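Throw the hints in and build the complete structure from the sequences for me.
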Amino acid sequence: MIDPDTDLVARAGQGDRAAAQALMARHLPKMLTLARRMLGDAAEAEDAVQETFLKLWTHASRWQPGKAKFETWLYRVTMNKCYDRLRRRSTAKLDEAAEVADPALPADRLLENAGVASEIEKALADLPERQRAAILLCHHQECGNIEAAEILGISVEALESLLARGRRTLRARLGHLKNE
Amino acid sequence: MEEQNYPDGEADALWLAGMFRELPPVPVTPALQARVLASFDAVTERRRTGLRGLLRRLGETVWPGAPAWQPAAVLAASLAIGIAAGTFVPVEQALADGAEQPGVVALDALPNFDLGENS
Chain A
1 MIDPDTDLVA
11 RAGQGDRAAA
21 QALMARHLPK
31 MLTLARRMLG
41 DAAEAEDAVQ
51 ETFLKLWTHA
61 SRWQPGKAKF
71 ETWLYRVTMN
81 KCYDRLRRRS
91 TAKLDEAAEV
101 ADPALPADRL
111 LENAGVASEI
121 EKALADLPER
131 QRAAILLCHH
141 QECGNIEAAE
151 ILGISVEALE
161 SLLARGRRTL
171 RARLGHLKNE
Chain B
1 MEEQNYPDGE
11 ADALWLAGMF
21 RELPPVPVTP
31 ALQARVLASF
41 DAVTERRRTG
51 LRGLLRRLGE
61 TVWPGAPAWQ
71 PAAVLAASLA
81 IGIAAGTFVP
91 VEQALADGAE
101 QPGVVALDAL
111 PNFDLGENS
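Same order as they appear, the protein sequences are chains A and B.
Residue numbering for the first sequence follows this note's numbering, starting at 1 and increasing by one per position.
Residue numbering for the second sequence follows this note's numbering, starting at 1 and increasing by one per position.
Quick caveat, the hints were computed from the structure, so don't treat them as lab data.
Just so we're clear, the structure is a prediction, and the values are computed from it rather than from any experiment.
In this text, a Cβ means the ideal position worked out from N, Cα and C, and glycines have one as well.
Heads up, a few of these hints could be off.
Computed list of lysine to aspartate or glutamate pairs in EDC-like fashion (alpha-carbon distance at most 20 Å, straight line) [claimed, not checked]: (1) A:Lys30 / A:Glu44; (2) A:Lys122 / A:Glu44; (3) A:Lys55 / B:Glu45; (4) A:Lys55 / B:Asp41; (5) A:Lys122 / B:Glu22; (6) A:Lys69 / A:Glu147; (7) A:Lys122 / B:Asp12; (8) A:Lys55 / A:Glu71.
Quick list of the computed label-pair ranges, beta carbon to beta carbon [unchecked claim]: (9) A:Ala158 / B:Thr61: 51 to 59 Å; (10) B:Gly82 / A:Val156: 49 to 57 Å; (11) B:Asp41 / A:Asp7: 17 to 25 Å; (12) A:Arg62 / B:Asp41: 16 to 24 Å; (13) A:Pro4 / B:Arg52: 26 to 34 Å.
Dropping the structure here:
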C-alpha cells in the first residue's frame, strides 16, 4: 500500500516549507484532538503536539518509507509525548493544583464544564491511561485494531481486552446520558 | 440509543461512537500553527548551517544532483586505494620506479655553512 505522506515527508526533510504546511494541515487537527482527550488540558495538548512535530521535522530527512506507515509513527510519537506528560503530572501531583485552579477558569469554560461534553471528557480522563488510549484510537480517531495495537506497542488481543474494559466502564459511567 | 441485537462489544462500540459525536471538535489555533511552522524553520536553518549541512553543500558542489552517499563513496574508495597502495607496495619498488634518489644526510657530521667569511 502506498503511504500518501511519503512524498510530503521526503520534501519536508529537504526543507520544503509547503510540504511541511501540507503535513501540518493533514495531521495537526487529529493529533491535537488525540492529545487533548488524552491529557484533558488544552495547553499541555498543544505542547505535546508541538513536540511531536518537532520530532517529525528532525527525523523527516531520515524517514525510510516502507518501514512503518507514517501516520502510525506520528500517532505513536504523540501517544508517547502524552504518556510522558501524564507520568510527570502524577509525580508532581499536579492533579491537586488543577483542582485549586478551577475557580479561576474563564466563564465560557465553566459553562462548557457543565455540559454533556465535559461529562464525557471527565469519564474518559478517569479511565486508566492504556484503556483511554485504546478507546480514543479506535473509536475517536477511527484507527483499525491492528494499527492501534501497533501504535500502542501491544498485541491485538491485548488491545481488544483494553477496549472491552474501557467500553464497559464508560457505558456504566455515561449510560444515563443517552437514556435521558 | 435503543438497545439492539448486536453482540455486547459491538453495541458498546456503536454507543460509544454516538457519545463521541457529542464532543466538540478541538480547534487548532493560529498560534499553534505558527509555533509548529516556526519549529520547522528553526530545524531547517540548523540543518542548513550545521556540520551536516556544510557536508551536504560540499557534496552538492563536488557532484551536483547526486545523493550524498555517491561523493562519500568515491572519496572512501579513493582513500582505501591510497592506503592499500601505501601499505602493500614495497618501498624499494616504489623508489626504484621513480628517477629520484633518496637524499642521505649524516646527522653526526659538522655543519658546513658558508656565511661569506672566506670570500
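Return the numbers of the hints above that this structure violates; sort them in rising order. none
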